[in-house]
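Colleague: Sequence:
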Amino acid sequence: MKLNQPLVIGGILCLAAAAAAMQAWAHGDVTPQAVDTSSLPQLGEGWRAENPYRANDAAIKIGSSAYNQNCARCHGLEAISGGIAPDLRKLDNDCATLKDEAKKAACVKDNDDYFLNTVRHGRSRNGAVYMPPFEGVFTQEAIWAVKSYLEAHREKPL
160 MKLNQPLVIG GILCLAAAAA AMQAWAHGDV TPQAVDTSSL PQLGEGWRAE
210 NPYRANDAAI KIGSSAYNQN CARCHGLEAI SGGIAPDLRK LDNDCATLKD
260 EAKKAACVKD NDDYFLNTVR HGRSRNGAVY MPPFEGVFTQ EAIWAVKSYL
310 EAHREKPL
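In this note's numbering, the protein residues as written are 160 to 317.
Just so you know, these hints were derived from the structure itself, not from any lab. Careful, some of the hints might be misleading.
[What the hints assert, rightly or not] Within a straight-line C-alpha distance of at most 35 Å, the following computed DSBU-like cross-link-like pairs (lysine-lysine) qualify:
no., residue 1, residue 2
1, Lys268, Lys258
2, Lys262, Lys220
3, Lys315, Lys263
4, Lys263, Lys220
[Stated by the list, open to error] FRET-style restraints, in silico, Cβ to Cβ:
no., residue 1, residue 2, range
5, Asp259, Gly286, 38 to 46 Å
6, Asp246, Lys220, 19 to 27 Å
7, Thr256, Ala208, 22 to 30 Å
8, Gln192, Asp259, 36 to 44 Å
9, Ile243, Tyr273, 14 to 22 Å
10, Ser283, Thr190, 14 to 22 Å
11, Ser197, Pro316, 24 to 32 Å
12, Ser240, Ser283, 13 to 21 Å
13, Arg279, Asp253, 17 to 25 Å
14, Asp246, Asp269, 12 to 20 Å
Being a predicted model, the structure only gives us computed values, none of them experimental. Don't be surprised by glycine CBs; every beta carbon is placed ideally from N, CA and C.
Working from the sequences, and respecting the hints, build out all of it.
Modeller: And the structure:
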């Protein structure tokens with residue numbers, strides 16, 4: 160039996176396109192999911208320089224849900240990176256090794272600033288978006304709740 164070469168090539172191309180589409184769908188809905196922060200103290204209009212919800216159990220719970228719905232697809236389930244994006248449990252590792260409490264506090268504040276700016280404004284390099292900006296999508300309450308969740312899962316506890 161002789162195969163119709165154009166038909167076979169067309170079939171292969173269709174299968175390849177379907178496989179690519181399935182891979183894209185495997186990431187699930189990439190539309191940011193709403194984060195209900197109504198049970199947390201509201202922070203007002205001005206952006207806080209430091210995490211106001213640090214060690215707040217309610218914020219950690221909200222942050223867990225927000226992280227797993229919005230961040231885990233790139234940064235890994237339970238904040239354990241699979242290599243696509245940075246492992247966010249390691250953000251404060253440099254701070255954990257500091258013995259001087261004032262330097263440690265300054266380091267944590269610097270990491271809060273880095274985290275907030277990254278989430279608000281995203282990250283891109285050479286025109287490629289590595290992380291989309293979330294300002295206008297998430298409230299600062301939601302962003303700080305995610306940071307609280309990540310702090311509760313630090314690789315090296317402070």
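Colleague: Where does the structure disagree with the numbered hints, that is, which hint numbers, in rising order?
Modeller: Hints that this structure does not satisfy do not exist here, as all of them hold.
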